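Chain residues, written in single-letter form:
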Amino acid sequence: MPTTKNLYGRRLTGYAIATAIVLTASIALAFFYAPIEVDQGFSQKIFYIHVPLAIVTLGGFIFGGIFGIQYLRSGDTRHDLRSYTAIHQGLIFCIGALITGSIWAKAAWGQWWVWDEPTLVSFLIVFLLYCTYQPLRFSIEDPERQARYAAVFAVVAGVFVPVNFIAVRLASPLIHPRVLGSSGGSLPNDMRIAFYSALLGITLLFITICKYEMASKHSRAQMAALRRSLSEESDEPAAIRTAAPRIAIK
Amino acid sequence: MSNTLPPNTGYVAAAYLVFLFILLIYIVIMAIRAARVERELAELLTKADQRNSGGTPAETSSQ
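If you're matching them up, the sequences are chains D and W in order. In this text, residue positions in the first sequence follow the working numbering: the first is -10, and each later residue adds one. In this text, residue positions in the second sequence follow the working numbering: the first is -4, and each later residue adds one.
Treat the hints with care, since some could be wrong.
Said to hold, decoys possible - Here are the computed lysine to aspartate or glutamate pairs in the EDC-like style, where the Cα-Cα straight-line distance is at most 16 Å: (1) D/LYS206 to W/GLU33; (2) D/LYS95 to D/ASP28; (3) D/LYS95 to D/GLU106; (4) D/LYS206 to W/GLU35.
FYI, nobody ran anything at the bench for these hints, they're computed from the structure. What you are looking at is a predicted structure, and each value in this text was computed from that prediction instead of being measured.
The following block holds chain W by itself, in its conformation from the complex (with noise of 0.2 Å):
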């Protein structure tokens, strides 16, 4: 079996990597996303339950 890789090996590698980047940096934007979404929705769910307890969150936050 020959150790030597192919001519133009790089380029090809090149080619895939760059493809595999792109997803990449889109699944590291999505994630960011999907965090913001989380950390709003969980601000949403105190205040309901600040709602669904009587109180306003003034009177909670004075709490």
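Chain D on its own, in the form it takes in the complex (with noise of 0.2 Å):
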């Protein structure tokens, strides 16, 4: 029978408590804490949800990019795990900063999209990069080959999101606000409160949702070897083919 391990479900419902608390608290602290900007009014509230899920965003992937570096190095595949999940996430999350991120837009600038704007450009570019990831990771059939190109990918593509943020912030913004500077992005006190624990908020939100995808996908893993070993037929099924990675169970 195979041995069953808690190993990636462990502390998870402490994340998920610090989640919603924080999470709720950040948008109270938004709402009724921050005041409102002189310029743009009610809209800059988008702000709090928005920047957050960016920055989010990119340290998710070149968490990916790390993780794909340290299954490189030892060919665990729980390393492989946590690549795929981090960058799964990341392209959620990365969703959602796009999209409220146009609804800011229309509300500030008048327009849902700019395309002379390098912010808004090289994030989509981003994205769109990240959006191969899985069809990259489903056309390889065999896992360990799928894993290490995955692992490749992750890893160029990580390298490149820092050097493309920096690539960004040394180009003259046109309209998009710069918002983490050296002078702290010109917020006052209780924005930048209420800034960061909303950033707290949306980090602990994804460390949540990585852990609970990891755990979800290892139970499945070591329901998959349950059936296996109480099965009566010795002959493994065909693996189905999928972009998630797969999960050896000893």
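With the hints as a guide, bring both chains together as one complex.
Put into structure tokens, the structure is as follows:
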């Protein structure tokens, strides 16, 4: 019988509770504590959801690359799963950042999208780049090759993310504001508190969802191993092609 | 106290609702997966019970 280990679900409850508390508090701070910005008015409240989503997205992609390096160095499939999950969730958060950003653009600038703006276009390029990650994985049948190629992709694309970020910051902004700068983005203290709590809340949400996703994938792999051990047939059923990493249960 | 909403309230509400909607979609997908795992686990438990009671699944089903 396969041994069952709680590898990914540890401290999940704690993270989930912390996420619920911090996220709720940060939304309350954004609406009831942070002042209304003079130039943009009430629409600036979108800032407290859009910017943390964008930052956590880019962080997730970078962590995907770091786990990719760890996989290439060790060959441990757990790192492949971590890399996959970070990129997968990063992509979902990226969609959230793009949609909320587009709504904010419409409210503030009167346009859903501005093609001349380097920040917007570069973020879209990063999104489109990572959109190819799942098809890449799905196109490779052999699990070992799939994990290796995906790790190489995660590393190369993960390096591209900070390079792209620096290049955009060096470019002259047209209308998109710079949030985190040496001057602290010129945010007043009460806005800064609301912003950092929102950033913490979204980061906790990302970690909780990643841990939940990994625990869920691990339980399904454990169940598949249990089914195989209980099955009368000695032949292993043919593996279904999937983009998700295959977890080895010892 | 003024009863009028500040301008652009609709856009702010839309942005936060999009975030909530994505989160809800994720919860729904995860709930479907959890239900599937529970169902498969029940099947495996039945199989394990049959095995422990000494009869093969085929024998038990023919009874």
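Going through the hints against the structure:
1. D/LYS206 to W/GLU33: OK: D/LYS206 and W/GLU33 at ~14 Å, within 16 Å.
2. D/LYS95 to D/ASP28: Satisfied, since the Cα-Cα distance of roughly 15 Å is no more than 16 Å.
3. D/LYS95 to D/GLU106: Between D/LYS95 and D/GLU106 the Cα gap is close to 14 Å, so the pair holds against 16 Å.
4. D/LYS206 to W/GLU35: Roughly 14 Å separates the two Cα atoms, so the pair holds.
Violation of the numbered hints given earlier is absent; every hint is satisfied by the structure.
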